[in-house]
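Engineer: Spelled out from the first residue to the last, the chains are:
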Amino acid sequence: MTKAMTGAKMVVQALIDQGVEVVFGYPGGAVLPIYDEIFQQNSITHVLVRHEQGAVHAAEGYARSTGKPGVALVTSGPGATNAVTGLTDALLDSIPLIVLTGQVPTFMIGSDAFQEADTVGITRPCTKHNWLVKETDKLAATLHEAFHVATSGRPGPVLIDIPKDVQFATGTYTQAKQVETHYNPQVKGDLDAITELAKAMETAKRPVFYTGGGVINSGPAASQLLRELVAATGFPITSTLMGLGAYPASGDSWIGMLGMHGLYEANMAMHDCDLMINIGARFDDRITGRLDAFSPNSKKAHIDIDASSINKVIHVDIPILGDVAHVLEDLLNVWKARGRKTNKEGLSKWWNQINEWRNVKCLDFKQDGKIIKPQYALQRLEELTKKHDRYITTEVGQHQMWAAQYLRFEDPNRWMTSGGLGTMGYGFPASIGVQMAHPDALVINVAGEASWLMNMQELGTAMQYKLPVKQFILNNERLGMVRQWQELLHGERYSSSWSESLPDFVKLAEAFGAKGIQCHDPDALDDAIMEMITYDGPVLFDCLVEKHENCFPMIPSGKAHNEMLLGDDSTEGAIQGAGEALV
Amino acid sequence: MSALKIKKGATSHSAYNLRPNYSDTIEQHTLAVLVENEPGVLARVIGLFSGRGYNIDSLTVAEVDHLGHRSRITIVTSGTPQIIEQIKAQLGRIVDVHKVNDLTVEGPSVERELALFKVSGKGENRIEAVRLADIFRANVVDSTLESFIFEITGTPEKIDAFAELMQPLGLQEIARTGVAALSRGAV
Numbered sequence: 001m002t003k004a005m006t007g008a009k010m011v012v013q014a015l016i017d018q019g020v021e022v023v024f025g026y027p028g029g030a031v032l033p034i035y036d037e038i039f040q041q042n043s044i045t046h047v048l049v050r051h052e053q054g055a056v057h058a059a060e061g062y063a064r065s066t067g068k069p070g071v072a073l074v075t076s077g078p079g080a081t082n083a084v085t086g087l088t089d090a091l092l093d094s095i096p097l098i099v100l101t102g103q104v105p106t107f108m109i110g111s112d113a114f115q116e117a118d119t120v121g122i123t124r125p126c127t128k129h130n131w132l133v134k135e136t137d138k139l140a141a142t143l144h145e146a147f148h149v150a151t152s153g154r155p156g157p158v159l160i161d162i163p164k165d166v167q168f169a170t171g172t173y174t175q176a177k178q179v180e181t182h183y184n185p186q187v188k189g190d191l192d193a194i195t196e197l198a199k200a201m202e203t204a205k206r207p208v209f210y211t212g213g214g215v216i217n218s219g220p221a222a223s224q225l226l227r228e229l230v231a232a233t234g235f236p237i238t239s240t241l242m243g244l245g246a247y248p249a250s251g252d253s254w255i256g257m258l259g260m261h262g263l264y265e266a267n268m269a270m271h272d273c274d275l276m277i278n279i280g281a282r283f284d285d286r287i288t289g290r291l292d293a294f295s296p297n298s299k300k301a302h303i304d305i306d307a308s309s310i311n312k313v314i315h316v317d318i319p320i321l322g323d324v325a326h327v328l329e330d331l332l333n334v335w336k337a338r339g340r341k342t343n344k345e346g347l348s349k350w351w352n353q354i355n356e357w358r359n360v361k362c363l364d365f366k367q368d369g370k371i372i373k374p375q376y377a378l379q380r381l382e383e384l385t386k387k388h389d390r391y392i393t394t395e396v397g398q399h400q401m402w403a404a405q406y407l408r409f410e411d412p413n414r415w416m417t418s419g420g421l422g423t424m425g426y427g428f429p430a431s432i433g434v435q436m437a438h439p440d441a442l443v444i445n446v447a448g449e450a451s452w453l454m455n456m457q458e459l460g461t462a463m464q465y466k467l468p469v470k471q472f473i474l475n476n477e478r479l480g481m482v483r484q485w486q487e488l489l490h491g492e493r494y495s496s497s498w499s500e501s502l503p504d505f506v507k508l509a510e511a512f513g514a515k516g517i518q519c520h521d522p523d524a525l526d527d528a529i530m531e532m533i534t535y536d537g538p539v540l541f542d543c544l545v546e547k548h549e550n551c552f553p554m555i556p557s558g559k560a561h562n563e564m565l566l567g568d569d570s571t572e573g574a575i576q577g578a579g580e581a582l583v
Numbered sequence: 001m002s003a004l005k006i007k008k009g010a011t012s013h014s015a016y017n018l019r020p021n022y023s024d025t026i027e028q029h030t031l032a033v034l035v036e037n038e039p040g041v042l043a044r045v046i047g048l049f050s051g052r053g054y055n056i057d058s059l060t061v062a063e064v065d066h067l068g069h070r071s072r073i074t075i076v077t078s079g080t081p082q083i084i085e086q087i088k089a090q091l092g093r094i095v096d097v098h099k100v101n102d103l104t105v106e107g108p109s110v111e112r113e114l115a116l117f118k119v120s121g122k123g124e125n126r127i128e129a130v131r132l133a134d135i136f137r138a139n140v141v142d143s144t145l146e147s148f149i150f151e152i153t154g155t156p157e158k159i160d161a162f163a164e165l166m167q168p169l170g171l172q173e174i175a176r177t178g179v180a181a182l183s184r185g186a187v
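Line by line, the protein sequences are chains D and F. Taken in order, the first sequence gives residues 1 to 583; the numbers are from full-length UniProt numbering. Taken in order, the second sequence gives residues 1 to 187; the numbers are from full-length UniProt numbering.
It is possible that some hints are incorrect.
Listed below are the simulated EDC-like cross-link pairs for lysine to aspartate or glutamate, each with C-alpha atoms no more than 20 Å apart in a straight line [to be verified]:
| no. | chain 1 | residue 1 | chain 2 | residue 2 |
| --- | --- | --- | --- | --- |
| 1 | D | Lys134 | F | Asp96 |
| 2 | D | Lys138 | F | Glu36 |
| 3 | D | Lys312 | F | Asp102 |
| 4 | D | Lys312 | F | Glu27 |
No lab work stands behind these hints: they were computed from the structure.
Chain D extracted, bound-state conformation:
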């Protein structure tokens, strides 16, 4: 069935046909025809953000918490350039997004017209793919292809730039099923390689699963298969920041997050293992630390859908190109068919060693006195919210690492954080996106005061759409992670890492019509958190915490996994030489 309609109508029709329910956006001259069509329908809800960066992060939160692509709609020029940070964030964390931008009419492109920017040029390096559509007849097919590209293979953000005259003109609407595409990444892994991995698993004395965001991106089946595999083998499992929740934190084999601020037992296990099974992670520099000292004695297997991730920084012995769920299914079948063997004796010794490392209790802290420790605030938040249908987003910095350490995730898609790009200002709009997808859930953004202020304008959005997002701000009046690095690296010269002239967060909340809560007393914290949870509406929780707390464990830059710092007493001159220049 082909139908004639305007380009603007095609946009809305294609979104409906693709099952889109929510669009986050901000209107402007070059997208007015699309906004006019949105006005005349009821299938799609449009959420008016307060800044285009917010629209893209909200779409990311929506996507990450549902497994569906997120959609954002912004205008030309500044609308598009404001979306760039969100696009880059989504690219690094492999979040499927469709971002639609308006463009000046085709006959004005290149004339430096009002609100003209070379949007496809600017966003080429920060999207998985992008298109400038110059003919209305091609618009619908491009939209459908965009959804396919964003969600196939390694997911990522795509952008479609639509000139205003293309939106006004009439053309033929192409159905999704009529669209042909050559982009079909391989999902099945090579069986020989999978068998080689199964064999390695049978004899390994010190194996470890090292899982990442790819497990979550692969879908719920991947998490299920991972759990089955871990249960069947009894191997320990650690995860990157992006992969938290794929395996439950309450699971027997869970040894915690790894990496720069990962757990002692997880990093030690990575360093000392003899078989590392990387599932959907990418040997990021926050994970590996010093490359030439990274897990020196292990055989390494790597399951990844992106060939460019394999052997990029770490040489692996068993590369397996494919989708995590597909590969895990085959791996389980092969391993079972070969007799479900593991090296029981080796494994038992390995677990004894891991339990010794666990006894270091690297996350222990002392909450005494009248000042709330940030770790304590998160521990209480965990305790008081863990029974809820709960989603957590974060900003970026110390609070983000503490949240990853002290909150526990039992399921995938419950943890939304900016991992690769480290975007301050991500968490608040992301929480709005999550709450739009899960209206009845408890959505909490764990924030620092400095990050939170970066997209604070979205409080207006939360109020307008009655989204009861909880903003749990660990307020240390510092750019905490910057301060920590200045302490360790720059002679305690705290250059511009103070949050001067902070607003009164309670009054700020009230100015928007939201609820503000301030808490500085450890004894009053539980009641205050309960008040936040039970309040029906957006809450700004200003939790005044210890100002000079550092985040540990920490692998200093340029150091290996077994050279972790565990607490304040061991930080004396922790970083030196080449490590000082690392970020």
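Could you slot chain F onto chain D? The hints should help.
Structural biologist: Chain F only, in chain D's frame:
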């Protein structure tokens, strides 16, 4: 936990790159990249090289299949074996890229480049230029009383050699197309 005895707050040095040394050998490879002939596809490929710090020694691009809407980009690049593998994988994941072939490792191949040389001079130099052009099987495609334009085809090395010989004989300008390459054999 071993104590790290290092002076606290020492000032920074510079060494971001702590890459391990797999192999330091720099190899030159010729890659044939078959792409969808879409606007911006060349920018994607070039942007990949500049954005990730890879080298382009030579680059040629033209449509090779009008009906099928395909262009062929031939890139001569250099790097360690690990970087070359990474370049191929990165090219392969560009949505508009259909196929990446490494002609340097996938069997024997033929490489050719075309170049135009403007050489001006009089007397003995002029005669010598024509004589050498003849040896190199270069054609004269333009001529005045004081100059020639030679057209020469061959491997990049042959063109380099010709350029060296023309230098003292009044070489004014060179225009080179970059390498075009195909694998040998029936398919």
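Engineer: Could you tell me which of the numbered hints above are not met by this structure, giving the numbers in increasing order?
Structural biologist: The structure conflicts with no hint, since it agrees with every one listed earlier.
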